[in-house]
Amino acid sequence: DSDIILTEYGATFIGMEIYRSKNEKAEEEARKRAAVQMALETLSYSEQEAVEHIFDELDGDEGLLVASKIADRVGITRSVIVNALRKFESAGVIESRSLGMKGTYIRVLNDRLFEELDRLRAR
2 DSDIILTEYG ATFIGMEIYR SKNEKAEEEA RKRAAVQMAL ETLSYSEQEA VEHIFDELDG
62 DEGLLVASKI ADRVGITRSV IVNALRKFES AGVIESRSLG MKGTYIRVLN DRLFEELDRL
122 RAR
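The numbering used here applies: residue 2 is where the sequence shown begins, and numbers increase by one.
These are computed hints drawn from the structure, not numbers from a lab. Ideal Cβ placement from N, Cα and C applies to all residues, glycine included. Check the hints yourself; a few may be wrong.
Below 25 Å or equal to it, Euclidean Cα-Cα: the simulated DSS-like pairs (lysine-lysine) are [unchecked claim]:
id, residue 1, residue 2
1, K70, K33
2, K33, K88
3, K70, K88
4, K33, K23
5, K88, K103
Derived CB-CB ranges, DEER-like [as the list claims (entries may be wrong)]:
id, residue 1, residue 2, range
6, E58, K23, 32 to 40 Å
7, K103, E29, 29 to 37 Å
8, L121, T13, 38 to 46 Å
9, N24, K70, 39 to 47 Å
10, T13, S99, 48 to 56 Å
11, G101, R74, 19 to 27 Å
12, E25, A123, 24 to 32 Å
13, A12, R98, 47 to 55 Å
14, L65, M39, 20 to 28 Å
Start from the sequences and build out the full structure, keeping to the hints where you can.
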């Protein structure tokens with residue numbers, strides 16, 4: 002009789018842990034998506050355009066970006082690109098490191114960024 006009670010208690014505990022784990026994953030996904038959406042909503046129209054070109058240049062989740070080349074090719078100022086990158090870095094979406102004349106190294110920290118950029122382009 003006590004074995005049944007112990008088994009039911011164990012099953013209940015395991016079920017609660019599985020439920021908690023699933024909730025944590027869902028909350029983490031929601032936080033990531035919200036951070037990216039918030040970062041995208043703060044961008045001006047020209048910054049949104051710059052961001053699309055920036056992430057087209059990257060190979061995967063990280064890479065080297067030369068802002069002046071993108072600015073010349075797209076027809077926007079370098080400051081627009083720099084401001085967009087700063088906003089994304091402040092939101093914790095990317096990490097960037099200046100390499101001087103070589104450009105800027107960018108690493109995407111939030112994997113939801115590409116999904117939200119695709120959604121933005123579809124509009």
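Now for the hints, and whether the structure bears them out:
no. : hint                      : result
1   : K70 with K33              : violated, 30 Å
2   : K33 with K88              : holds, 15 Å
3   : K70 with K88              : holds, 20 Å
4   : K33 with K23              : holds, 16 Å
5   : K88 with K103             : holds, 22 Å
6   : E58 with K23: 32 to 40 Å  : holds, 37 Å
7   : K103 with E29: 29 to 37 Å : holds, 35 Å
8   : L121 with T13: 38 to 46 Å : holds, 44 Å
9   : N24 with K70: 39 to 47 Å  : holds, 45 Å
10  : T13 with S99: 48 to 56 Å  : holds, 54 Å
11  : G101 with R74: 19 to 27 Å : holds, 21 Å
12  : E25 with A123: 24 to 32 Å : holds, 30 Å
13  : A12 with R98: 47 to 55 Å  : holds, 50 Å
14  : L65 with M39: 20 to 28 Å  : holds, 27 Å
Violated hint for the displayed structure: number 1, the only one.
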